[in-house]
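Protein chains: 2
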Amino acid sequence: MKKIGVLGTGAVGATIGKKLVELGYEVKMGSRTNGNEKAVAWVKANGKGASEGTFADAAVFGEIIFVCTRGEFALKALEQGGVENFKNKTVVDVSNPLDFSKGMPPSLYISNTNSLGEEVQKMLPGAYVVKALNTVNCEVMVDAKKGGGDITMLICGNDANAKAEVKEILAQFGWNDILDIGDIKGARSQEMMVITWVSVMSTLKTPHFGFKVVKP
Amino acid sequence: MKKIGVLGTGAVGATIGKKLVELGYEVKMGSRTNGNEKAVAWVKANGKGASEGTFADAAVFGEIIFVCTRGEFALKALEQGGVENFKNKTVVDVSNPLDFSKGMPPSLYISNTNSLGEEVQKMLPGAYVVKALNTVNCEVMVDAKKGGGDITMLICGNDANAKAEVKEILAQFGWNDILDIGDIKGARSQEMMVITWVSVMSTLKTPHFGFKVVKP
Chain A
12 MKKIGVLGTG AVGATIGKKL VELGYEVKMG SRTNGNEKAV AWVKANGKGA SEGTFADAAV
72 FGEIIFVCTR GEFALKALEQ GGVENFKNKT VVDVSNPLDF SKGMPPSLYI SNTNSLGEEV
132 QKMLPGAYVV KALNTVNCEV MVDAKKGGGD ITMLICGNDA NAKAEVKEIL AQFGWNDILD
192 IGDIKGARSQ EMMVITWVSV MSTLKTPHFG FKVVKP
Chain B
12 MKKIGVLGTG AVGATIGKKL VELGYEVKMG SRTNGNEKAV AWVKANGKGA SEGTFADAAV
72 FGEIIFVCTR GEFALKALEQ GGVENFKNKT VVDVSNPLDF SKGMPPSLYI SNTNSLGEEV
132 QKMLPGAYVV KALNTVNCEV MVDAKKGGGD ITMLICGNDA NAKAEVKEIL AQFGWNDILD
192 IGDIKGARSQ EMMVITWVSV MSTLKTPHFG FKVVKP
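Residue numbers (the numbering used here), protein chains in the order written: chain A, 12 to 227; chain B, 12 to 227.
Since the hints were derived computationally from the structure, they do not count as laboratory data. Being a predicted model, the structure only gives us computed values, none of them experimental. Just so you know, not all the hints are guaranteed correct.
You can't tell identical chains apart in this list, so a pair holds if it fits in one copy or across any two.
What the hints assert, rightly or not - List of simulated lysine to aspartate or glutamate pairs, EDC-like, C-alpha gap at most 20 Å:
{"id": "1", "residue 1": "K196", "residue 2": "D68"}
{"id": "2", "residue 1": "K29", "residue 2": "D188"}
{"id": "3", "residue 1": "K226", "residue 2": "D188"}
{"id": "4", "residue 1": "K226", "residue 2": "D161"}
{"id": "5", "residue 1": "K156", "residue 2": "D170"}
{"id": "6", "residue 1": "K216", "residue 2": "D191"}
{"id": "7", "residue 1": "K226", "residue 2": "D154"}
{"id": "8", "residue 1": "K59", "residue 2": "D194"}
{"id": "9", "residue 1": "K216", "residue 2": "D188"}
{"id": "10", "residue 1": "K226", "residue 2": "E150"}
{"id": "11", "residue 1": "K29", "residue 2": "D161"}
{"id": "12", "residue 1": "K14", "residue 2": "E33"}
{"id": "13", "residue 1": "K196", "residue 2": "E48"}
{"id": "14", "residue 1": "K98", "residue 2": "E48"}
{"id": "15", "residue 1": "K87", "residue 2": "E37"}
{"id": "16", "residue 1": "K113", "residue 2": "D194"}
{"id": "17", "residue 1": "K216", "residue 2": "D194"}
{"id": "18", "residue 1": "K226", "residue 2": "E176"}
{"id": "19", "residue 1": "K55", "residue 2": "D188"}
{"id": "20", "residue 1": "K87", "residue 2": "D110"}
Make the full structure from the sequences, and use the hints.
This is how it looks when you write it as structure tokens:
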């Protein structure tokens with residue numbers, strides 16, 4: 012099993028990291044500093060297979076790396092991780108360029124003719140960036156049943172092998188309806204969808220739902 | 012049955028107008044000029060119940076008015092229709108602020124902290140604007156089965172009575188899963204969702220699909 016780096020100590024990083032450890036992967040959580048309080052607590056809670064370090068430590072360790080920071084820190088985390096440390100690796104971008112500064116609903120500070128997924132790929136030209144999981148709540152990310160069991164996960168990216176690798180992990184997370192919408196430009200769609208997600212979440216008063224693509 | 016005005020002679024206006032005539036409504040299609048070639052052909056094809064005229068004629072005639080022009084013409088059509096002619100009426104905004112000028116995927120020329128639906132409401136402060144139907148192909152709009160039968164139609168608007176009125180028409184179009192996401196700001200979500208729709212359409216190579224909100 013490949014070693015995995017998870018960048019970010021928030022709910023998304025902790026939840027994805029925990030699930031990966033449960034699945035038997037070795038996971039290193041990365042943050043700005045060694046010994047980050049939340050990362051240390053996460054390691055303690057997840058035991059064998061879990062470790063922590065700087066963004067660079069996690070990037071060097073991981074053969075696959077999940078970007079789970081808040082959107083506004085994602086590019087900085089990659090920079091601190093050392094761009095060269097991501098070379099030839101699959102990078103799963105889970106982050107969203109959400110701006111809550113103007114109240115609800117949030118807006119996207121990158122959108123339309125660009126996306127955070129594309130910016131991640133531009134910053135890591137030697138890596139294979141796959142946008143995935145960003146369209147659902149983190150508990151649903153690692154347990155598709157919690158979102159209704161049969162919802163659709165959109166993914167995109169420029170490299171077919173990297174997408175195949177991510178699909179395998181998604182399958183281990185319970186995803187059985189994965190739709191590959193093409194190259195990394197699809198991140199525009201996947202990130203815009205999050206705004207619709209927030210509206211529906213506010214209406215249903217639960218983050219435990221998802222969108223299923225249905226056909227006749 | 013209330014009289015209905017339909018602004019726009021394109022596929023969306025023609026399809027919605029045709030369905031409304033079939034349902035027994037009197038429908039006037041409005042365009043920039045009386046005797047517009049496409050409007051006249053539409054009247055001929057749809058017979059009794061169908062008529063045509065200027066945007067103002069359709070606005071005066073309609074007790075409910077559907078805005079079915081291309082996004083970039085919507086506000087101009089309302090202006091030409093005479094803002095006072097929409098007063099106290101339900102206005103269903105089906106238009107999308109799509110910009111195809113930079114190639115695929117299209118972008119939205121209004122988004123994030125504003126939407127075309129909100130602009131329509133601002134231009135018609137005396138009307139009750141409901142954003143609806145803009146998230147699916149026009150054949151699916153009037154026949155939900157064509158999209159998979161059980162997909163979710165998001166609607167929003169500031170007036171509960173107007174939304175109830177629109178829901179009744181949607182039910183006649185076959186929609187049995189309608190989700191009211193709140194006030195007209197929800198148009199931001201509904202319009203952004205169209206970009207996701209375009210990505211999925213390009214992937215599936217058919218416009219006959221939709222997104223269903225699923226819960227556990």
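Going through the hints against the structure:
Proximity of K196 to D68 under the C-alpha cut-off of 20 Å is found in neither arrangement, the shortest distances being 29 Å within a copy and 43 Å between copies. In this assembly of identical chains, the alpha carbons of K29 and D188 never lie at most 20 Å apart, being 23 Å within a copy and 36 Å across copies at closest. Proximity of K226 to D188 under the C-alpha cut-off of 20 Å is found in both arrangements, the shortest distances being 13 Å within a copy and 15 Å between copies. For a Cα distance limit of 20 Å, the shortest separation of K226 from D161 qualifies both inside one copy, at 14 Å, and across copies, at 9 Å.
Neither within a single protomer nor between protomers do K156 and D170 lie at most 20 Å apart by alpha-carbon distance, with minima of 28 Å and 36 Å respectively. Taking identical chains as interchangeable, the C-alpha atoms of K216 and D191 lie at most 20 Å apart only when they sit on different chains, with a minimum of 13 Å there against 29 Å within one chain. Within a single copy, K226 and D154 get their C-alpha atoms only as close as 24 Å, which misses the 20 Å cut-off; across copies the closest is 13 Å, which meets it. Taking the shortest Cα distances, K59 and D194 never come within 20 Å of each other, neither inside one copy (36 Å) nor across copies (49 Å).
Only between protomers do K216 and D188 lie at most 20 Å apart by alpha-carbon distance; the minimum there is 17 Å, versus 25 Å within a single protomer. Taking CA atoms no more than 20 Å apart as the test, K226 paired with E150 passes between copies only; the shortest distance there is 13 Å, against 27 Å inside one copy. In this homomeric assembly, K29 and D161 never come within 20 Å of each other (Cα to Cα): the closest approach is 22 Å inside a single copy and 35 Å across copies. In this assembly of identical chains, the alpha carbons of K14 and E33 lie at most 20 Å apart only when taken from the same copy (13 Å versus 61 Å across copies).
Taking the shortest Cα distances, K196 and E48 never come within 20 Å of each other, neither inside one copy (36 Å) nor across copies (39 Å). Proximity of K98 and E48 under a CA criterion of 20 Å is satisfied in neither setting, with 29 Å inside one chain copy and 59 Å between copies. In this homomeric assembly, K87 and E37 never come within 20 Å of each other (Cα to Cα): the closest approach is 24 Å inside a single copy and 59 Å across copies. Taking the shortest alpha-carbon separations for K113 and D194, only the inter-copy value of 17 Å comes in at or below 20 Å, while the best intra-copy value is 31 Å.
Proximity of K216 and D194 under a CA criterion of 20 Å is satisfied inter-copy only: 16 Å between copies versus 33 Å inside one chain copy. For the homomeric pair K226 and E176, neither the shortest alpha-carbon distance inside one copy (27 Å) nor that between copies (27 Å) is at most 20 Å. In this assembly of identical chains, the alpha carbons of K55 and D188 never lie at most 20 Å apart, being 34 Å within a copy and 45 Å across copies at closest. For the homomeric pair K87 and D110, the shortest alpha-carbon distance inside one copy (17 Å) is at most 20 Å, but the shortest distance between copies (31 Å) is not.
Consistency with the previously given hints fails for numbers 1, 2, 5, 8, 11, 13, 14, 15, 18 and 19, ordered from lowest to highest.
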